[in-house]
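Student: Chain A is fixed; fit chain B onto it per the hints.
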Amino acid sequence: MDSSKDRILKIAVILLRVAMGGIFLYAGYVKLKDPWELFAAGIRDYEMVPNWAADLLAQTLPYFELLIGLLLVVGRFLRLSTVSVSALLVVFFSLMVRAFVQGKEINCGCFGPNELISWKTLVRDGSLLAVSLFLTVMAFRARRTSV
Amino acid sequence: MFALALGISLLGMAAGPDAVPGRTAGVPTAPLRMDLWGDYTCPHCKMLHEQLLSRLMADYVNPGKAYLVFHEYTLTGPGHEHSKTASLYAAAAARIGKYQQVSDALFLTQTSWAMSGKVWEAVAPALTPAEQKKVQALFKDPSVAAEVQHDLDLGNAAHVDRTPTIVLTHKGKQTPWSYWNDYNLFRSFVDTEMKK
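Residue numbers (our numbering), protein chains in the order written: chain A, 1 to 147; chain B, 1 to 196.
In case anyone wonders, no lab produced these hints; they're calculated from the structure.
Check each hint, because a few of them may be wrong.
[Said to hold, decoys possible] As a list, the in silico DSSO-like pairs of lysine-lysine whose alpha-carbon atoms are at most 27 Å apart:
(1) B/K134 / B/K171
(2) B/K134 / A/K10
(3) B/K134 / B/K65
(4) B/K118 / B/K134
(5) A/K33 / B/K134
(6) B/K171 / A/K33
(7) B/K196 / B/K171
(8) B/K118 / A/K33
(9) A/K104 / A/K120
(10) B/K65 / B/K195
(11) B/K173 / A/K33
(12) A/K120 / A/K33
(13) B/K65 / B/K196
(14) B/K195 / B/K171
(15) B/K173 / B/K140
Isolated chain A, as found in the complex:
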């Protein structure tokens, strides 16, 4: 019974990990297919970092998202990739909540332009954060039990 539950849990973790990886691959791709200035404008709208930092982030973050997405899909360096994805989502989600509470009508910047921050984007990113935290816990638990 326990082994059956474990198997279901393992399959769920794999599915969630691949799905999360796919989402990050997509997020990186949609940002890279447009000029970086578009994402930079989105980051600047949050008014959290200086312009030079926003521009630097806009030119590097999509590649980082692609890398994390790839690692999650292929299942390598799981502790590192799950911690990274959770850290990123904690930052993204916090910034979005802050902007929403402040009443800023700005683009989320999550999957390219044309998506204003709303309850919908908050629920979506909150759910992604919950899943990433779960994957992080599972990555560390798997390592401990295998030792």
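Tutor: Chain B in isolation, oriented as in the chain A frame:
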């Protein structure tokens, strides 16, 4: 031969939403098309109109790189009670070729009429008495109101979610831009897009 020339000409055109005569700048065959959606009560639109539009014209429209099309994106709600009146006057003025003059006047005195509602008092000085009569008549023309509504519908269809927004069309691809705190970033964006 004529058909070939016409075909080349049409291929070179930057496709995009309907352009209303009198509310455009530049040549329609420019490789880039910029559809600008704005509202006369929006402070950022005033800033764009008074501080950035001349730079945009000098950088892209005058050299023939871009075709600029103005659209009304009439805002509603508190602070925008007189938006529609202003949009109707501007659209009416476009019919007699006075769109830019009326736009200039509306933005120049925005803070005044947006509060008082005395929109006509802002528009009238930009027109001669004969033009004033024409614009007043056109203001009541249902086709002008329909045109303003059509512009709003076009904006929504192009995913405009705030003003001012320029939807850049290049090689069939439409990309909206609404960050105006740094013109250089916009210019970099347009130049990158044009290199594609």
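Student: In ascending order, which of the hints set out earlier in this document are inconsistent with the structure?
Tutor: 1, 2, 3, 5, 8, 15
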